[in-house]
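Peer 1: What follows is each chain in one-letter form.
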Amino acid sequence: MRWTLTLILLMAIVSPGAALADGSPRAPATGSDELVAKVARIRVGSSTQSEVAQLLGRPWRTIDTNDDPDDDDYRIWEYLGQDGADRYRIHIGFDEANVVRLIAKSQKGRVEVLARSNGDRDQHEHDSSAHGYDK
Amino acid sequence: MKIQRSVVGFTALAAGFALATPTVAQDYPPYGPNVPKAHFDHGKRPQVTPPAPNLLPDGRTAESAWNMQLVGYDSLDGRSTYQPLVVDQVFADGSHHWIAYMAHHAGCAVSRLSKQTEVNGTSVLDVTDPKSPVYLYHIQGFGAGSPNACSGSLDAGGNQMAHVCSGDSLPSSSPAEASNKHGRYFLLRTNGNSSGSANPGTESHEIWDVTNPSSPTMISSLDTQATNTHKDWWDCSSGMAYLVTNDSSAASPRPDLAPGWHQSGSNQHVKIYNLHDPTNPEYVRDFGFVGQQPTVGTTIEGLVTPPTGIHGPIAAGNRVYMAFGVGGNGVVGIYDTNTLLNGCNGKAGCAQSPSEADMLAPQKGWFTLPGTTLQGGHTSFPIFGEEDGKPRNIVLVTSEEGGNECAKNSAPHAAWLYDVTNEASPTLISQNPNDPARTLLDVPNGFDYSWIGIVSGNGAADTHCGTDNCSAAGVYGTNVTPTDPTPQPNNFCNQGARFGAHASTELFYPPYYGRLAIVSWFTGGVRVFDIRNPDNARPIAYFIPAPNDTGCGPGGGPSPGPGCTFASTGRNGHTVNAIHTNNVEVDDRGYIYIADRDGTGMHILRLTGEAAGAAIGNVPANH
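These protein sequences, in sequence, are chains A and B.
When the letters of the first sequence are read in order and numbered with the working numbering, they come out as residues -11 to 123.
When the letters of the second sequence are read in order and numbered with the working numbering, they come out as residues 17 to 639.
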């Protein structure tokens, strides 16, 4: 697949010296600074699902509609964070190879794309003759 | 596991025992001889433009209703959901409870009951009071118990499909069997999905005893080491289960293993089992569209070779309707049930590897769809009826939109009505030559009910779509949404997720049967069409839920997470938490249930106004 890495928006905080998480399950909500700092270490276009699990622990929710290798649905992991009085969700989208392609923050219904990779998904042109999958 | 048997003989035997059953339970759903007959008319009812949906300040659709009303809601703990199924179950004390079986896609979420992270499976709710659903149980799904179940790949997970039969509706081969099943209910569900060509496959089907829906117990599994399970059908009146699946070539040898079937697109064909005794599945045969059998002959039908895989069969009366292709290269086949079920009797190897003649013998007709390669066969729902005192049989067909935000060069996926009274020559009815999919059962992407961004397109040439010029179709172009190079107005294609048809209801309940066509439309919510005059279908109702930005607890209340609706990503990386209505079903009271693919939950609806008036029978009154 012709994925081309394009970072749309770099995370504001990068902490390369932070230690990786030990993989143990996390508390439901994570302090904003800690979660954001860790998320900033994810490399969109190359970080894998197992690396994300090692970094952030077990996600709060996962979604894999994965009916169709030709569809547009990412495999999604969500983590919870706390921003002052408000909770938010970090949404991490993986491609079919389980590589991170999208990181977004969802708060009060609003979605902010923090980083994503560019590629076929953006072209959104389907070969209908080959598209016979999904459910 | 027993091998193929004489279905005719069995049916006769079963009928005898059915008569001896001590209590006659509700024939759920009303299959077999109890399929209601539709009465079509020539009413010249006006085509009405539905009102525009309500919008949130950020451009997402808000809750919007036209001749429909929200009655109840449950978040389903924020799990992505494929299919709703609601069953009128008679409890041991004789009371009726309406039990919802909500079949989930793969994933994990925190259960409100156990407070633990659980692998998505089947949520079970009591919806007897539709205003206040009670979450009874979550039957965990594929991979549950694995240490990495919720932090590893779930690409083969999910329990997307569910069917339930009453033990008293299923036939029995002995009084002891009938007695053992009396008063019990059985859930058939897929276990896993899309393990692809993994060798051996990791999927299966499961049967659970759900007599006590608060405490289901698994009683058997079948079709083990399968791949690509999907939308099954279980005919409660005959016990026949038509499983959509495929066998891995490396699966362990067993009598019902049938490797080597051929499909384009989705790798699925049909394996038929007699599940009259859920503890003892009996293999009948494998089947599909001619050309999919392991030893291919010379007959070429359909649009591609090998023909596209099946999405889902529906059996009713003495016919089985099979939709192939899902979202492209659509073909619908019509088959004689008796010939299908008994055609391999006495023929060695026929069940697993039928000859071309064995494949063609049950076939009564087939057809493609307008746009041919651009549209797929997802659901084919038969409507047996009469008009002017003469039989008139119709099939409601849907294709499935598979791309988010109306992918460039994809056709708007829609629904069609085919007159199959003459099965050898199906005819497209309710045509709309001005519609990109040439049907009156379509929903434009513009909020004002106009099309935005459609350009001319063509599928492959063909002559089997039941009308002239099968290949012509409109398709979405480059500029459809506000994020495109030439920005267009906000519309249903700008909601992150898919917009277009997916599935129709599949149960034969009055009061809607033959009067209303009810179709899930992803970001368009659920759409209802008046088909009393099937030559002039018209929109009559819709409902679009509000996205859940609050919480995944009961009723959308407090939960660990701030909101259940998760984001989908469409054109140009546009990422939105919006509605994604995946499937819809009705119950025998007339309530309509929709399930959200993006975790928003289950909405229970009722018809109002003109739509309620178009139905007959026990339509729910105001609540």
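Treat the hints with caution; some may be incorrect.
[Unchecked claim] Covered, in the sense of this in silico footprint (three residues per stretch, anywhere, with C-beta under 8 Å from a C-beta of chain A), are these stretches of chain B:
#1 119 to 127
#2 498 to 506
#3 545 to 553
[Said to hold, decoys possible] Here are some of the chain A residues that sit facing chain B, going by a computed Cβ distance under 7 Å:
#4 Q42
#5 R46
#6 D52
#7 L68
#8 Q70
#9 G72
#10 A73
#11 R75
#12 H79
#13 A92
#14 S94
#15 V99
#16 V101
#17 R104
Calculated from the structure, these hints are not laboratory results.
Yeah, the Cβ is synthetic: ideal placement off N, Cα and C, and Gly gets one too.
Peer 1: Now look at each hint and say whether the structure bears it out.
Peer 2: Each hint, compared with the structure:
1. 119 to 127: holds (count 6)
2. 498 to 506: violated (count 0)
3. 545 to 553: Violated - the stretch 545 to 553 of chain B has 0 residues with a Cβ nearer than 8 Å to chain A, which falls short of three.
4. Q42: 9 Å, violated
5. R46: With a minimum Cβ separation of about 5 Å from chain B (threshold 7 Å), the hint on A/R46 holds.
6. D52: 4 Å, holds
7. L68: 6 Å, holds
8. Q70: It is violated, given that the least Cβ distance between A/Q70 and chain B is near 10 Å, above 7 Å.
9. G72: Where the cut-off is 7 Å and the nearest Cβ of chain B is about 13 Å from A/G72, the hint is violated.
10. A73: 11 Å, violated
11. R75: This hint holds: A/R75 lies near chain B, its Cβ roughly 4 Å from the closest one there, short of 7 Å.
12. H79: 5 Å, holds
13. A92: Holds: closest Cβ of chain B sits about 5 Å from A/A92, inside 7 Å.
14. S94: 6 Å, holds
15. V99: Given a least distance of 5 Å, the restraint on A/V99 holds.
16. V101: 5 Å, holds
17. R104: Status holds, d = 5 Å.
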